[in-house]
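Protein chains in written order, with numbering that gives the first Met the number 0: chain A, 0 to 867; chain B, 0 to 285.
What the hints contain is simulated information worked out from the structure, not anything from laboratory work.
Cβ atoms here follow ideal geometry from the backbone N, Cα and C, with glycine treated the same way.
Be careful, since some hints might not be right.
Stretch by stretch, here's where chain A covers chain B in the computed footprint (C-beta under 8 Å, at least three residues) [to be verified]:
{"#": "1", "segment": "150 to 164"}
{"#": "2", "segment": "176 to 186"}
Below, computed lysine-lysine pairings styled on DSBU-like, alpha-carbon distance capped at 30 Å [what the hints assert, rightly or not]:
{"#": "3", "chain 1": "B", "residue 1": "LYS165", "chain 2": "A", "residue 2": "LYS587"}
{"#": "4", "chain 1": "B", "residue 1": "LYS64", "chain 2": "A", "residue 2": "LYS25"}
{"#": "5", "chain 1": "A", "residue 1": "LYS76", "chain 2": "B", "residue 2": "LYS71"}
{"#": "6", "chain 1": "A", "residue 1": "LYS587", "chain 2": "B", "residue 2": "LYS167"}
{"#": "7", "chain 1": "A", "residue 1": "LYS587", "chain 2": "B", "residue 2": "LYS239"}
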Amino acid sequence: MKLKYIFTLLLLSLFNLSAFAQKTAKIYGKVMELKTPIESAIVLITSENEKDIISYTMTNKSGDFVFDNVDYTYAKKICVKMIGYVSQITHLKQGQENYIFYLDTQSIELKDVTIKATSIKASKDTLNYLTSVFAQKNDITISDVLKRMPGIEVSENGHIKYQGQEIKDFYVDGSNIMGSRYNMAINSIKHTDVGSVDVIENHQSIKMFEDLLHSNSVALNLKLKEKAKNKWVGILEAGIGGAPFSWELNANTMRFAEKFQSLNTFKSNNIGHNLSNSSVAPSLLFQEDEWSKPFVGIPAKYTTLDFMEGNKTLFNTSHLLSLNSLFKLWKNITITPQIELSYNRFKRESYQQQAFFYEDKTWEVVKSEYGKWGKWLITPSIRIEANTKKYYLNNTVTAIIDRNSQHIGDIGTHPNQQSASNHLASVKNVMDLMMRIGKRTFGIHSYTSFGNSPQTLCLGSKMSSINEQIKSSYIYSKNAIRQTFTLGRLTLGIEEGLTIAHHKLRSTLTGLATPHFNSNQENQNTYNMRTFFVDPTLSLDLSTFKFSISTPISYNYYDTTDKIDAIVIKKMKWRLGASLSAQWIMNKQWSISGNIFHRPISNTPYMLFNKPILSTYPFLQVGALQYNKESTNSLRATLKFKDIYYGLLGNMSYMYQRTKSDLLPIHNIENEYMIYGSIFYPHESCSKTLMGNVSYMISSIKGSITLKGLYTISRYQFMQNKALNATRVKNTQFSLHLFSTPIHLLQLNYFCSLSLLHYKQENTNKDAHQKFNQKFSMSISPFKNLSIEFIADHHYHKLSGSGNSKSICLLDLNFLWDISTQWKFKLATTNILNNKEFINTFYSPTSILNQRYELRPTTILFSLTTLF
Amino acid sequence: MKRMKAQLLFICSFIVQLASAQAIGSNNEIDSTILICEYIFKQNVDTISNEQYHTANFTLEIGHKCSKYYHKNTDKYQRIKSDPKLFALYSAELQQSLTKSSNNILNFKPLSLEEPLVIYNNFPEGYRTIQDVLFTDHYIYTEENTLQEWSITNDTISILGYLCHKAKCNYRGRDYEAWFTLEIPVSKGPWKFAGLPGLILKVQDAENHYSFTVSSIIKSVIPIEYIEYSGRKYTKIDRKKILKMEIKMRSIGLEQYTQMGTLSESSQLSSGANNQNYDLLEKDYR
């Protein structure tokens, strides 16, 4: 019995011991902002009611923290705090030792004073903009907020510039999921999912070159908040309205996880948002892409009137589906399939009066036009990428299926009906494979593109019936070997390779009747090009001073054949170019960069045909079987300034460009046709540009101001009805963008631009054209959840000679009701003054175009948005 | 008189602005501020009668990594003095003001080397850099950025509307109690105090000889500059050595000031300075 008692006691004491052992434990963890560790974050162990601080510590440089003996009897919660970040708290779980916290940057409300995390931070080449500081109440996507960040510009089609320089790489949370289609992303990601925006200057996108080759490219990275990761988030917006029947549907979803990322969009509307121009940003086009074009084109595509925003003038039915995914297959390899599919239908009624001035007469065309356009665009692509310190692989296959059709009926000087189509099917493969051994790199670059473009034009008028068929195809291939050798601060890069191009054109044109051209015109042309090139580049990197010199040399062989006229022209040519660029980072604030180059321009074969092609009535295009010897000399110097303490960013650039060319543009009038093309006539053109902009954050108005200026002088020559003309154009532009939130309930945005265009042509008087646009929006919130937004859009233009001026003011009114944090209701009334039409005037020394077109009528749209 | 004072203040502020645009010596930006706090430093200079107190306003610039604790007017004076032309101009203005005043007494406090102590916490990283002036000699020393070992109690009070928790520690010969707020999660405080899970708004020693009380907290983003003012010779020294010199030199200073017949706050402070009635903030020099 006694033994049993002792045994029970022993057992009990063991249980007690084990229970005691479980009550205290070591706890450790990490505090991070995305992948960056946060130093000096405060980590607290508290009681259940969070009032008692049981223990606390601070994170070290790596963001790590440790508590050696945590007593679970009292310790119930673990809390992480850091100024400028949202605090996080979680229950302690017995048995869990490792706690990882991801903090989101956010404004912190303190007593009587709002303390926000620094709006702009800078470290080395990276500027970090805190999204919440620049966001206004009615913003939805990150594009709305980017426009207000000092130094950043966003164009209407979503392309981004930083300090006047277009960004080259775009990342979402460090991932290059969108590639060249980033404009889709910034109009789809909601700004509340983005913690901050990083602008990375001197960004080298290929990791193995990071310490070898200096880059002056700019990249932009959207840092997502932790709450937006590892789950589907997005925006769903549906709107319906009347007078006329209107709708809008936007569905954007994204999911960002470690192994799988996806960003998808579906948009559909008939309220004037053009979904066909989500084109690739110019800076992301390869130089080789210049060759991925058919011979000539019948312009069957709808061209927007860029004087006003599309939603004021566009009568459309548009649908767009964009699917983008990125899979991390294993450690370093990613595969990114993307597809964009869009269908757009446009219609427009317009009245045009166009006059061309000649020495002895004026040629006038008046037409009242009703047109319908249709466009299908499908662009699938797949990219396999491995970007490491040791090797780099990128293989991207892209296909383009672009189908355009137009039907136009004209009444006027030359009444006619025309139907045209312009289709393109092309495939492009770009492959880069490089590896690094020590400080040497070796690699191959391959670019192959081929395509086919059938085009038709049928034109019927009282006088004649014109039919045209064009078949154009091309294949282009460039293969090169690339090496770099680094010795100390010097890097020598050499690229050598071979380029092959073959272009083919077949066209038939019947029904044409001019004194020079009979009714049947036919082209059967081929063009072949082979180029061997060597491009050595020497770079010097002295930390604050970067310098590089390049001297590309190429041997070119061309032949062009006109089978109809049995003409064969062959040419062989050596070409030598040179470029020199330098950058000096003077201090944290100032940097200066410049480049100077001489570049012989490779002949693209688009004008190498002999017989006329009717591009659109009444414009007849004539080619020339004449190779063009063209070269450009250019100089550019840029001074940049940034002071993040005062939120002041600015830059100023001077550019000079002189181009020598053998082919001179001509315009001739023959009967009812305007014939344009080029003839052999060596000439020069030049342009000088001074441009600058400055952005300044003004804390007293809780906003910022951006001023931009541009001054250009250009001279060029052309021949019109066999008379040589030389024109000098001076263009001065100023724009101002201001935003302010002077009080919590009021948000103001103002934009204005002034453009002064002066023309001076030989033997004629000076002419000037002034344009002034301004847009003002004001949002008032009389109640916490209700906003009233008023938008005024004013356009004014004047021709100095005629004294003729025109102006129009369009007003919109929106009511926005935040039903909850997730649901928003909007009542949008556009064009409340119901302006019916606008007459726009385009002026040049040789012609004037008065174009009157319809404006979208007053429309009321009710829409419901959910953010998830 | 008011007009003259306004004019003088305007000139002074102009000079200060000008001075800040000039080269003031070897300075570099070591961080940028998140918050700027003002603290009222109070010292009991007669612990026997408990009737004499010395007060001064100190600024604490809190950055992402470092913090700087200094006296703003002294910094202005140092900046002006770094440029001989500006200093001559400033002296001339002072003289002119004196001449113009009816009783030959300035009715405002001129800039002086009032509180020359400057503390850079966590600069260089893991260390603390302290600059101080004994009479006219500039000294500099670094020490490890060792944080106080605090124990948090359950007491709470409200300072400037913030709920503050009480913490206690013993540091270099004195017992302190500090009040910090979790609502401002930065582990910083006045002087060399830091290491609590929130900003220290008030700290005082157990005998109430020294206290630091926050008077304002503002949000501002300005550079935190490390400055060694030009024209000064900074002598590197050991912490305990300078403390010993300081306690010893206070009595020498008293004599000098008495001879000069100048009544300044420094002399007021020194008038009661002896080893019997008060001691330095850090008492571990002995």
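Structure-based check of all given hints:
A stretch counts as covered by a chain when three or more of its residues have a beta carbon under 8 Å from one of that chain; for the segment 150 to 164 of chain B and chain A the count is 6, and the coverage holds. Counting residues of the segment 176 to 186 of chain B whose beta-carbon sits less than 8 Å from any beta-carbon of chain A gives 6, enough to reach three: the coverage restraint holds. Between LYS165 (chain B) and LYS587 (chain A) the alpha-carbon distance is near 42 Å, which puts this suggested pair outside the 30 Å criterion. About 28 Å separates the Cα atoms of LYS64 (chain B) and LYS25 (chain A), which keeps this hinted pair within 30 Å; it holds.
In summary, the hint linking LYS76 (chain A) to LYS71 (chain B) is not supported, as the alpha carbons are separated by about 42 Å, beyond the 30 Å threshold. Note on LYS587 (chain A) and LYS167 (chain B): the hinted pairing is violated, with a Cα-Cα distance of about 42 Å set against a maximum of 30 Å. Proximity of LYS587 (chain A) to LYS239 (chain B) is assessed by CA-CA distance (about 38 Å); at most 30 Å being required, the pair is judged violated.
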